[in-house]
Amino acid sequence: MTVLAAAAGTGTHLGGAETVVFWILGPIALAGALGMVFSRNAVHSALWLVNTMLCLGVFYVVQQAPFLGAVQIIVYTGAIMILFLFVLMLVGRDSSDSVVETLRGQRVAATVLGIGFAGLVGAGIARATTNLTVTGLNTDQLGGNGNINGIARLLFTRYLLAFEVTSALLITAAVGAMVLAHIEREPGSRRTQKELSRARFLTDRPQTLPGPGVFARGNSVAAPALLPDGRPAEDSLATGIEPQEIEQMPRPTDRAQLGSPDDALGTLDPARDDSPGGRTR
Amino acid sequence: MSVLASADQPTLDDFGHDVWWIVLIKIVGIFALLVVMTLFAIVFERKVVARMQQRIGPNRVGPRGYLQSLADGLKLAFKEDIMPALADKPVYFLAPVIAAVPAFLAFSVIPLGPTVSLFGHRTPLQLTDAPIGVLVVLACSAMGVYGIVLAGWASGSTYPLLGGLRSAAQMVSYEIAMGLSIVAVFLYSGTMSTSGIVAAQAHGTALTFFGAHVTGPSWFAILLPVSFVIYAIAVVGETNRAPFDLPEAESELVGGFHTEYASLKFALFFLAEYINMVTVSSLAATLFLGGWRAPWPISLWSAANTGWWPMLWFFLKVVVALFVFIWLRGTLPRLRYDQFMRFGWKVLVPTALVWILVVATMRTVARSANLATGEAVVYVGIPVAIVLIAALLIGSRASNRSTRLAAREAAAGSIHPTEPEEPQVLPPAGPRRRPARAGGPSRAEGGFPVPPMDLTVPPSPRLRRESVVTGARADGASESGGIVSTGRRGTATAEEDGQ
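Just so you know, the sequences run in chain order A and B. For the first sequence, the working numbering assigns the number 281 to the last residue and increments by one with no breaks. For the second sequence, the working numbering assigns the number 499 to the last residue and increments by one with no breaks.
Among these hints, one or two may not hold up.
[Said to hold, decoys possible] If the Cβ cut is set under 8 Å, some of the chain A residues that face chain B in the computed set are:
(1) Thr77
(2) Ala79
(3) Ile80
[Unchecked claim] If we take Cβ atoms under 8 Å as the criterion, some of the chain B residues that face chain A in the derived model are:
(4) Pro131
(5) Ile132
(6) Met143
Please keep in mind that the hints were generated in silico from the structure rather than gathered at the bench. All residues carry an ideal CB built from backbone N, CA and C; glycine is no exception.
Produce the complete structure using the sequences and hints provided.
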């Protein structure tokens, strides 16, 4: 805020601190814009855009519009871009852009048109703002009672209609999205937790279904659980997935393969004979 | 007292004129302060929670265990730094930084005291202030969400992603309630700068109560009680603390968005979380508890609000707020996620909106009726607040009525306390039904399965085998060497022994 105060003291001229801030943050903001366009990863693009928005917020603060700067950071970077990020993250992190051109020559056309548009807008703004008499924001045109009070006065008097119409538009959009995404359910058609629980206890299986792969050699969802006698448990099959037969250990056929119960414990004796259980007969 | 206070009270014009080295001192001071407060808060939390759970808590490292968090921090710094194979490296590296930097930045607008003399310069005990002071804190907390979201995403693993999404959804939701609760303070003090809000709580309104002159309360916590309550609840959700710590519920999950983080990066998240706690506590002290101004009995002392004393009052208030955070953690069970979201959106936000309406009406009425705002608050606002809080209490009691009745009946011994009008015994279903035996109880007792009560234990198979083995040994005991005697080898089957 020292920058702000320094800038405020210099009136309508570009103060020293303001110049420094501009020449530091200007390239950063521009780099953010370019990075957003050229990033392959959508989340990286969003982050570059956040960078540019933050720089713009600081610019607003430096140009004596601290409220606008704070709102830029809170609303745009803090709320809207977070929502963007939510969507991008749920899409998946490896969903980079496809580099296959569906329209022939669109890259060249887009480059030429983009540069041309930027030139037009830049030239127009440059022409419109040369030799413009600059009045600061803290003058009488805002009511003269500070930045926030001035904005509030203008918003709630001269621009009241536009303000209200904009908010109505936003509300309509939000409610519309909710209506479109909403699934109408008949009241009472959805069973409560208690009803579901009671219904489950009236069936043959009050307990949960066995998970896939219990006692089995694979942990895939497609692998059925095994019952203690070695049969696959039908209940453990997942719906919608083709059950796979997991190769089982050969079942022991005679006493030699079965070994004695002590075989499971292993032994430390190297000179153990190969008869099952290591005992002499 | 009032003369002294107004002389020391910094205004917006006092900021931005400091020499560069004073600014540097303030920046370094705030940085050191926040780190020390974090170390303190961790030990304090562990000790207080330990006392609440009948334990002693950390008592080994340093005097009475107070260096425990320092030792933990050093240990964390020397741990191996792990980069997951699937991580998005630049973002994975940036996320903890993005989480920690705004946490430090937010403290720059918190007023720690009045104008003091620092090496011969008169300067306010506050790094900076702006007409939008409090919005800086909100902006910083909005930026802090990025650290969490990006940490979850960049880890390249599902669980951190889900934890990050939940954390972010929670913080964004409760930020709204937090911002709305502060609006009433803005309306009331007429400014958004933190120093201005502290100044607005300097003096209570002079009231005439049946002829007696009373100085009314000046803290916004008392003048705007609904705002204070909403703020207190919202910041607990905002800082992901218990009972709202669902995304990183430590007794249920391995961790939230920071599951894949280790070493210094994890330490940065930890630091950011505790700094956020300190920041919202000091913002609560600034907005609602009179800031650095001395509380009532101390404020009678004329020098209480001058010099460096106010820093003491300020930090006492902050520590009390931190204690409440810890107290909540030690007392309340965790909410379910849907309950938590419903509470935030359907209770906190509408209540805050209604309260803003009430405060705005009060301001207008006070202005048109030519009352001092303090009088309007005391005569209108506090009764309205009492009605509002009473309505919320009655509403919650009414909505919990069935549960309460059920609990009472259950205490009195009822088996089906929730729905007494239903038939008590449900018909048994399916092949579980057996032919009813005389005297035996129904298998499905009230719909719930019970083990057969008339079960007779079959003879142990081991007994039968033992007899077979002894029988076989009677025939060929000499061939098998007579080793089979005791223990597990005694369970050898008849075929084996008879071979």
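Practice item. Against chain A, run the beta carbon of Met143/B and see if the smallest gap drops under 8 Å. Key: Where the cut-off is 8 Å and the nearest Cβ of chain A is about 7 Å from Met143/B, the hint holds.
Exercise for review: Report holds or violated for the interface hint on Pro131/B, using the least CB-CB distance to chain A and a cut-off of 8 Å.
Suggested key: 6 Å, holds
Review point. Should the interface hint for Ile132/B be scored as holding, given a Cβ-Cβ cut-off of 8 Å against chain A?
Key: 5 Å, holds
Point to revise | Restraint check, 8 Å cut-off on beta carbons, for Ala79/A near chain B | key: At 7 Å from the nearest chain B Cβ, Ala79/A passes the 8 Å test, so the hint holds.
Check your understanding: Taking 8 Å as the limit, does the beta-carbon of Thr77/A come near enough to a beta-carbon in chain B?
Key -> 7 Å, holds
Point to revise | Given hint Ile80/A near chain B, where the shortest CB pair must fall under 8 Å | key: Violated: closest Cβ of chain B sits about 11 Å from Ile80/A, beyond 8 Å.
The structure is inconsistent with hint 3 alone, although it conforms to all the rest.
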